[in-house]
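Produce the complete structure using the sequences and hints provided.
Residue numbers (the numbering used here), protein chains in the order written: chain Y, 1 to 54; chain Z, 1 to 177; chain B, 1 to 575.
The set of hints was computed from the structure by calculation and includes no laboratory data. No residue lacks a Cβ here, since even glycine has one placed at the ideal position from N, Cα and C. Take the hints with a grain of salt, since some may be wrong.
[Unchecked claim] Just a sample of chain B residues kept apart from chain Z, beta carbon distances all over 10 Å, derived:
#1 Arg19
#2 Phe23
#3 Met37
#4 Val120
#5 Ile215
#6 Arg423
#7 Gly451
#8 Lys516
#9 Ala519
#10 Pro520
[What the hints assert, rightly or not] With a straight-line cut-off of 30 Å between C-alpha atoms, the simulated DSSO-like cross-links for lysine-lysine are:
#11 Lys512/B - Lys27/B
#12 Lys71/Z - Lys57/Z
#13 Lys566/B - Lys107/Z
#14 Lys108/Z - Lys566/B
#15 Lys512/B - Lys429/B
#16 Lys107/Z - Lys64/Z
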Amino acid sequence: MSDHPEPEVQPQRVPAMQQLLDNPFLLLFIGITIPTVLYIVWGVMEIASIPVAP
Amino acid sequence: MAISPPRNRLWWNEPIERVEIGWIVVAFLWGLFMFFFMIAWHFIGGQNLSTETYRIKPPAYEEKVVAFAEKYQVAEEDGTPVVRPPAGEDVYLLARLWEWWPLLELKKGQSYRIHLSSLDWQHGFSLQPVNINISVHPGYEQIITLTPTQAGEFGIACNEYCGIGHHMMTGRIRVVE
Amino acid sequence: MAAIDAPYPGSAAAAAIFRTCRFTGLKVDIAAQRLIMANAVAAVVFLAVGGVMGLLVALTRWPAVHLLPSEWFYLVLTGHGANVLLFWIIFFEIAILYFASAVLLGSRIATPKIAWAAFVLMLVGAVMTNVAVFQGDSSVMFTSYPPMQASPHFYLGLIIFAVGALIGVGIFFGTLVIAHGEHTYEGSIPLVTFGALTAAIIAVFTLASGAIILIPTYLWSLGLITEIDPLMYKVVWWGMGHSSQQINVAAHVSVWYAIGALTIGAKPLSEKVSRSAFLLYILFLQLASAHHLLADPGMSATWKIVNTSYLMYLAVLGSLIHGLTVPGALEAAQRRNGYTKGAFEWLRKAPWGNPAFAGMFLSLVMFGFIGGISGVVLGTEQLNLLMHNTIYVPGHFHGTVVAGTTLAFMAMTYYVLPLIFQRDVIWPKLARWQPYLFGIGAAGISLFMMGAGTLGIPRRHWDITLTDAMHPFDLPSGGFLMMGLNGLSAVIAAAGGILYIVITVGTVLWGKRLDKGDAPLNFPLHKQAATVAEYGSHTTVKLPGTIILVSIFFLSFVLYYFVNWKYLSEIWLLR
Numbered sequence: 001m002s003d004h005p006e007p008e009v010q011p012q013r014v015p016a017m018q019q020l021l022d023n024p025f026l027l028l029f030i031g032i033t034i035p036t037v038l039y040i041v042w043g044v045m046e047i048a049s050i051p052v053a054p
Numbered sequence: 001m002a003i004s005p006p007r008n009r010l011w012w013n014e015p016i017e018r019v020e021i022g023w024i025v026v027a028f029l030w031g032l033f034m035f036f037f038m039i040a041w042h043f044i045g046g047q048n049l050s051t052e053t054y055r056i057k058p059p060a061y062e063e064k065v066v067a068f069a070e071k072y073q074v075a076e077e078d079g080t081p082v083v084r085p086p087a088g089e090d091v092y093l094l095a096r097l098w099e100w101w102p103l104l105e106l107k108k109g110q111s112y113r114i115h116l117s118s119l120d121w122q123h124g125f126s127l128q129p130v131n132i133n134i135s136v137h138p139g140y141e142q143i144i145t146l147t148p149t150q151a152g153e154f155g156i157a158c159n160e161y162c163g164i165g166h167h168m169m170t171g172r173i174r175v176v177e
Numbered sequence: 001m002a003a004i005d006a007p008y009p010g011s012a013a014a015a016a017i018f019r020t021c022r023f024t025g026l027k028v029d030i031a032a033q034r035l036i037m038a039n040a041v042a043a044v045v046f047l048a049v050g051g052v053m054g055l056l057v058a059l060t061r062w063p064a065v066h067l068l069p070s071e072w073f074y075l076v077l078t079g080h081g082a083n084v085l086l087f088w089i090i091f092f093e094i095a096i097l098y099f100a101s102a103v104l105l106g107s108r109i110a111t112p113k114i115a116w117a118a119f120v121l122m123l124v125g126a127v128m129t130n131v132a133v134f135q136g137d138s139s140v141m142f143t144s145y146p147p148m149q150a151s152p153h154f155y156l157g158l159i160i161f162a163v164g165a166l167i168g169v170g171i172f173f174g175t176l177v178i179a180h181g182e183h184t185y186e187g188s189i190p191l192v193t194f195g196a197l198t199a200a201i202i203a204v205f206t207l208a209s210g211a212i213i214l215i216p217t218y219l220w221s222l223g224l225i226t227e228i229d230p231l232m233y234k235v236v237w238w239g240m241g242h243s244s245q246q247i248n249v250a251a252h253v254s255v256w257y258a259i260g261a262l263t264i265g266a267k268p269l270s271e272k273v274s275r276s277a278f279l280l281y282i283l284f285l286q287l288a289s290a291h292h293l294l295a296d297p298g299m300s301a302t303w304k305i306v307n308t309s310y311l312m313y314l315a316v317l318g319s320l321i322h323g324l325t326v327p328g329a330l331e332a333a334q335r336r337n338g339y340t341k342g343a344f345e346w347l348r349k350a351p352w353g354n355p356a357f358a359g360m361f362l363s364l365v366m367f368g369f370i371g372g373i374s375g376v377v378l379g380t381e382q383l384n385l386l387m388h389n390t391i392y393v394p395g396h397f398h399g400t401v402v403a404g405t406t407l408a409f410m411a412m413t414y415y416v417l418p419l420i421f422q423r424d425v426i427w428p429k430l431a432r433w434q435p436y437l438f439g440i441g442a443a444g445i446s447l448f449m450m451g452a453g454t455l456g457i458p459r460r461h462w463d464i465t466l467t468d469a470m471h472p473f474d475l476p477s478g479g480f481l482m483m484g485l486n487g488l489s490a491v492i493a494a495a496g497g498i499l500y501i502v503i504t505v506g507t508v509l510w511g512k513r514l515d516k517g518d519a520p521l522n523f524p525l526h527k528q529a530a531t532v533a534e535y536g537s538h539t540t541v542k543l544p545g546t547i548i549l550v551s552i553f554f555l556s557f558v559l560y561y562f563v564n565w566k567y568l569s570e571i572w573l574l575r
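Have a look at this one:
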């Protein structure tokens, strides 16, 4: 859009939250990390720590 | 349009509709309530599933159940021992293809430590018509403290698919006054 | 497609062939179009196979009919789960991902050759698993819990399918990169593409979990590993089993927004709110895999509560937000279209004769009221005890996956056909009725199974009379009635499903060609469908209709939630 100057909008900084939402790979990273840690890793640790019957 | 890019490059700075804000607040608070109510039920509620669990080899568990059944057997029905443990006693129930073994006779209002495990595949303890449903795994012994609050005959169905005889797998708990 | 073979870099961009859609003005990459067609066709074929199996299952569980013998029942039930829960849904989702990336962004699709390889892998995997099921020694249900064991190629088929689907998701990400790099759009991606991105992210976690657990299980079935821990299996498997249904949620919410835009020119009330709701899905939706372990030994209450609540119900918050913003966007659009009288003229005068709109709206309402509410109740740590593994569970997920996702995808098909296949929908008068027929059937299936489950009827069970059991007892007669009504509803849903298949296949083969001439569509698009998204806030009027609808929904939710706690408080004491 070089032939279409937008002096008011362009120089503004993109807000941080919008930068996050516009970044598919960052979203992919956190979208995988959270369930992997909270659900899978923690869940497997719970199972691994079950004691043997007395 | 939802199928084209937003016209305003910095859409994050746009104000939000009042109705949206209002609903977000209501929905968020409702979510918090439901979250804390689950925690609260551990303190105020009488129905919480115990998480007391041990690893055990299926043959070792079978030994325990057989010893328990021999000790407290009072009768036999359909070729299966009927076991009447004293109140407060440890009670062992076994899931296998395709029965819940042995049959139990419990007293209303008394608490029992019920042990659950499977000898072979996964099974589903489904007490009817009370509607208490618990998964039973081979290799894991789970202990729940159960207090029957009604007298009568109760059936145990299996509600975890366990092969071709799944629909024939049952057990029984009799609760006496 | 010689362009793809071009020997020097950069040429693919220059040589990809595009057409311009005369209805939407969108630039469509022909390679992407073909891939969308192939995946959509495969999806419909597996829906047909799995749907027939579903009807057989329902007719067997109808006590008065009791159609199949037990071996066949368990075989067909296994096949039903795999074909509709995985194959139909994921093939269609891959089509949606390609559409939302290449078509909506006006870009060429990344590496079409590899995308075809992914398609072939998915097809081979799906067929292999079906073969294993039909050979008869893999009736292990969709969940295939060890130590019960299926044939090795049952697992291998699923693994190959998952790998293919994972590559397909990779193509989606690749296409996003290409579109961004080649500046085919300006600013942020459209909301529908963002919803598809949400689905894609969840899909990566889903398919990776599936591969992680199914590969050792496959080796175990070959005898190379001696034991699979049943509890460990269950935790990781549900990372796939449940999350795959969360892909659906993200995908069908995107479809709701897309159909709203296409049929009545709806635009999001606010990009920020709708996208944040999708972000909550990305972050927390997948934790709900723990719903399947609430009645299992070994997992601590803390783990259960944190995961089953999607971390303090933040993903439910996402769904509740969409539950307002989707009807709100529809109402705002209809009011702009001139239907401003009273609270509900916008709804009364909506295009109910357009199967895309009707299917979308029914999907929205039923997903919320049936699938959504029951899902939260079922996923409450203690309440789960009441329904775990009863037929309430299939009741719940038929409310989400059949009444919600499948109906939404069917609705979307009425635009995939003219816009991608470039064939106009045949038999428009009949097509008009299809979503209602299928929707009523799906609602019946869900509600009656939920009712039967509340009465204790077990799931995956061939004979609830327990006649051949060693210690027979009577399950409540109300449950038998419910299972009969479920069978009846399944027949209605099947009629709607058959109609869908016939219309879809008929249109693809014999529909009027739209690529030449300027014939209008049987189900026209809204005139603004092609314009750029514009912030609606300043022009949006008040939304009394949506507020009333959402209030009714919220009251039902709260009421049903407490009714179940009351019910729980009356059962035997348990600690």
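Verification of the hints:
1. Arg19: Correct as stated: the minimum Cβ-Cβ distance to chain Z is 17 Å, above 10 Å.
2. Phe23: Given that every Cβ of chain Z is farther than 10 Å from that of Phe23/B, nearest at about 12 Å, it holds.
3. Met37: holds (19 Å)
4. Val120: Consistent with the label, Val120/B stays out of reach of chain Z, its closest Cβ about 30 Å off (over 10 Å).
5. Ile215: Check passes; 21 Å lies beyond 10 Å.
6. Arg423: Fine: 21 Å to the nearest Cβ keeps Arg423/B off the interface.
7. Gly451: At about 13 Å from chain Z, Gly451/B clears the 10 Å cut-off, so the statement holds.
8. Lys516: For Lys516/B, whose nearest Cβ neighbour in chain Z is about 25 Å away, the distance exceeds 10 Å, so it holds.
9. Ala519: holds (23 Å)
10. Pro520: Given a closest Cβ separation of 20 Å, the condition holds.
11. Lys512/B - Lys27/B: Answer holds: Lys512/B to Lys27/B is near 22 Å, not above 30 Å.
12. Lys71/Z - Lys57/Z: holds (22 Å)
13. Lys566/B - Lys107/Z: holds (24 Å)
14. Lys108/Z - Lys566/B: holds (21 Å)
15. Lys512/B - Lys429/B: holds (15 Å)
16. Lys107/Z - Lys64/Z: It holds: about 22 Å lies between the C-alpha atoms, which stays within 30 Å.
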